[in-house]
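When you get a sec, could you build the whole thing from the sequences and use the hints?
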Amino acid sequence: MLNKNFNLFFVISLLLISGCELGPSNIESATASQTLHLGNGTEPKDLDPHTVTGVPEHNIISALFEGLVSVDPITLAPKPAVAESWVISNDRKRYTFTLRDNAHWSNGDPVTANDFVWSWQRMLSPALASEYAYQLFTVKNAKGFNHGEFEDFRHVGVKAINPKTLVVDLENPTPYFLSLLAHYSTFAVHPPTILAFGEREEAGTLWTRPGNLVGNGPFILDSWRLNYIIRVIKNPHYWDHSKVRLNKILFYPIDSALTEERMFRTGVLHATSSTPLDKIATYLKNDPDKISIDPYLGTYYYRLNVTEKPLNDIRVRRALSMSIDRQAITDSITKGGQIPAFTFTPPNTQGYFADNNSIIYDVASARKLLSQAGFPNGEGFPEIELTYNTSDGHRRIAVAIQQMWKLALNIDVRLSNQDWKVYLSRVQSLDYSIARAAWIGDYPDPNTFLDMFVTDGGNNQTGWSNKQYDHLIDLAAAEANPIIRYQHFQKAEKLLMDESPIIPIYTYTRVLLKHPQLQGWEPNILDIHPYKYVYLEDPVIGSEQ
Amino acid sequence: MIRFFLSRLLQAIPVIFIVITATFFLIRSAPGGPFDADKVVSQEVIERLNERYNLDAPLHQQYFDYLHHLVRGDFGPSFRYTNRSVTEMIAAGLPITFELAIYAIMIALIVGIAAGMLAAVKPNSAQDYIPMSLAMTGICMPSFLLGPLLVLVFGIWLQWLPVSGWGYSPGDKVLPAITLGSTYAAYIARLTRGGMLEVLNQDYIRTAKAKGLSTFNIIVKHALRGGLAPVVAFLGPAIAGLLAGSFVVETIFQIPGLGRFYVQAAFNRDYTMIMGTTILLSCLIVFLNMVSDLLAVWLNPRLTLNAKN
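Keeping their order, the protein sequence lines are chains A and B.
Residue numbers for the first sequence follow the numbering used here, so the first one is 705 and each next one is one higher.
Residue numbers for the second sequence follow the numbering used here, so the first one is 314 and each next one is one higher.
It is worth saying that the hints were derived from the structure and are not from the lab.
Please note that the accuracy of each hint is not assured.
Dumping the calculated SDA-like pairs for lysine to any residue here, alpha-carbon to alpha-carbon at most 25 Å [said to hold, decoys possible]: (1) 868(A) to 822(A); (2) 863(A) to 851(A); (3) 994(A) to 466(B); (4) 1218(A) to 969(A); (5) 844(A) to 938(A); (6) 983(A) to 352(B); (7) 797(A) to 866(A); (8) 352(B) to 1228(A); (9) 983(A) to 471(B); (10) 1125(A) to 560(B).
Per label pair, the in silico range of CB-to-CB distance [stated by the list, open to error]: (11) 355(B) to 1186(A): 25 to 31 Å; (12) 905(A) to 455(B): 46 to 52 Å; (13) 1121(A) to 437(B): 35 to 41 Å; (14) 580(B) to 791(A): 44 to 50 Å; (15) 580(B) to 853(A): 34 to 40 Å; (16) 580(B) to 1169(A): 31 to 37 Å; (17) 791(A) to 344(B): 50 to 56 Å.
What you are looking at is a predicted structure, and each value in this text was computed from that prediction instead of being measured.
Glycine included, every Cβ here is placed at the ideal spot set by N, Cα and C.
Structure representation (structure tokens):
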């Protein structure tokens, strides 16, 4: 009798499963409908270009909005966007932008120069508390306005001469200024929409919801299911809409890289936002057309707290840096084509190469330095702590380096794994000895790396200070000649490496799983892929002769 | 009955209150704040944000302000998802987690009770050992192992079922429900077996047998009611556990349920969201325990609702 019940259960289960025959996967039906499915990391905090900061937010906002300038996906050179042209003054401190006549908001309103002035005032206003306000600090008096030194925005160097002409005055000739205008924090928002849902300087109102959000990008926000899917559809009012080939993009916030990889493998996603370390070798071997490894403007490094013993001694810091076999780390741990780093700025950042002779992998010299610092063969060296935030990759690298230091210098390092927020708070309050870190450039210029380590810079977080270094960064900022400017940076970076408050470990690569259908997705060091160039096409399969 | 409810309610109030208070102060004592970020945020910005979210007030003031809003049913805005209220996020996530939990508990009950009964009818035989070994395996196997295994077999090799989503494509609810339900199925199987064995040795069962009733009648009509008592006692905490512990399954299968919000909130130091979900889950646990006590009394007339007993 009971066996019958048991059988019944099995029959029901089988019916349940067989009733669920799989239809075509996302990928199989994507080409016909030109629907792109993207893994997108975490759930975006919001979609307000002036209040958010992360990469997932960037990926969605760049579909919904467009700045004065965009970048070429291959060369990263500035390209006309809302501005159809611009004129730069001889001293390179005044930019006059002409906005295109056919630039429209997604409700049909024209995009005007006033919209930009209004939006920049919003973004810079102290009340909005935009974390990216510093992106516009190159604009004259913008910093003072943001810091509440004065309240009249007319003193800030941005003016609308007429609805189609915008004039921007800068503090210094800033060669990367146009690149900043391709960053979402400098985009315009639609004033009537913001005001319909709250004050100009109010964050977190309902204006970013589907149905409310008015943008000027190639797509409009169609639906937003929390922690699940954000869908955008083609915007008929976009000035260049005839070039846009995709009809829809679906963004999936996926916390786990393993889940994301499974979704990719079963045809749910065209591209992932991350790749599990352990899967890289398998893909390279079995499906090389589905994995892409591209250079990326970022450096993985360790911070050293120079305010405490024994790391206050340059010789100790250099010894630690020189005894790390970076090649072994990139070959055996990260395995994604990363390049061992001996300088902080990645090589060939817009033609900039740092002098990389200061730090080399040289165990014998490292031992000598440590001995000169009073720790022959590591004797008397206190046990120091290496802090990293929870991640399998960080842990493996830390374990390897701990072992390298033990073998090369005979010193003991204690590993300390911290939750992300605890890690941040400890690093920011200099409550650490050595801490894992990473820096991804905001724009393709050495300044995005090197201005970090000026005295008391917010992202310095090592306690390191060098007057000469600060001076060189100031000189570079004021310099109009690009060659001399890079020379200042090279001298500064030499100083940084000579004194080693940081240990660069490798230059990042962007490793992503990418379906061969995905076309027009060009690799570049900022990992920016303007969607108007992206389309889907089934790969041609070679037929048998 | 009314007295039972009232006394339980009176007990629940201080429990929930203690949970609220402890959570409020514990999360604020954890290092790192909601606005700490990788690229350091300037002091001015942090101050503005603290002001916006009332974090600049003295701690006790924040606490009383929070309680004041809470009694009016306002959980406040999320600190992380700036255009969302906690109530909205719970409303989006809870029904999904609840649905998942219902499917999981149904699977757990059907499989668990069937396996437990099979085992109890012929103890110490193959019919006992096989389901009980499977149950032991089920108890031992964590969902972060079982989930990917099921995905590998049914999603990737056989391609019968989707590996992610919730209501996005047909059949995508099957694997998460089985993954979440299996551990509980295993517990229920062991509890059913234990309960049934105890009941089957009772005199009244022997009497029924002597009267010539069929095995099926004896088990279903007489033994099951008593034999399931331990299962019922387990159900309340089990459902609460399913709701609170679904985040692993939600993460594996990319399900937009409350579990993921809860864990993300803790990582993000999203104070209001942590508070909201904790309060909700503790209320649910208290409520479900009460229901399971009621059911236990209904199943076993020897128990009474009198709080003194």
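Hint by hint, here is what the structure shows:
1. For the suggested pair residue 868(A) and residue 822(A), the alpha carbons sit about 14 Å apart, so the restraint of at most 25 Å is met.
2. Between residue 863(A) and residue 851(A), the direct Cα distance comes to roughly 20 Å. Compliance with the 25 Å bound is thereby established for this hinted pair.
3. Restraint check for residue 994(A) and residue 466(B): satisfied, since their Cα atoms lie roughly 22 Å apart, inside the 25 Å limit.
4. At most 25 Å may separate the alpha-carbon atoms for a hinted pair to count; residue 1218(A) and residue 969(A) meet this at roughly 10 Å.
5. A C-alpha spacing of about 37 Å is found between residue 844(A) and residue 938(A), which places the hinted pair above 25 Å, so the restraint is violated.
6. Distance check on the hinted pair: residue 983(A) and residue 352(B) sit about 29 Å apart at the alpha-carbon level, beyond 25 Å; violated.
7. Between residue 797(A) and residue 866(A) the CA atoms are separated by roughly 20 Å; this keeps the pair inside 25 Å, and the hint holds.
8. Taking the CA atoms of residue 352(B) and residue 1228(A), the gap is about 22 Å. The hint holds against a cut of 25 Å.
9. Among the hinted pairs, residue 983(A) with residue 471(B) is consistent with the structure: their alpha-carbon atoms are about 21 Å apart, no more than 25 Å.
10. Using a Cα cut-off of 25 Å, the hinted pair residue 1125(A) and residue 560(B) holds, with the two alpha carbons roughly 20 Å apart.
11. About 29 Å separates the C-beta atoms of residue 355(B) and residue 1186(A), a value consistent with the hinted range of 25 to 31 Å.
12. Between residue 905(A) and residue 455(B) the C-beta distance comes to about 48 Å, which sits within the given range of 46 to 52 Å.
13. Hint check: residue 1121(A) to residue 437(B), Cβ distance near 47 Å, so the stated range 35 to 41 Å is violated.
14. A C-beta distance of roughly 48 Å is found between residue 580(B) and residue 791(A), which places it inside the suggested range of 44 to 50 Å.
15. Here the CB-CB span from residue 580(B) to residue 853(A) is close to 37 Å, well matched to the stated 34 to 40 Å.
16. Evaluation of the 31 to 37 Å hint for residue 580(B) and residue 1169(A) yields a pass: the beta carbon distance comes to about 33 Å.
17. About 51 Å separates the C-beta atoms of residue 791(A) and residue 344(B), a value consistent with the hinted range of 50 to 56 Å.
In terms of the numbered hints stated before, the structure departs from hints 5, 6, 13, listed from lowest to highest.
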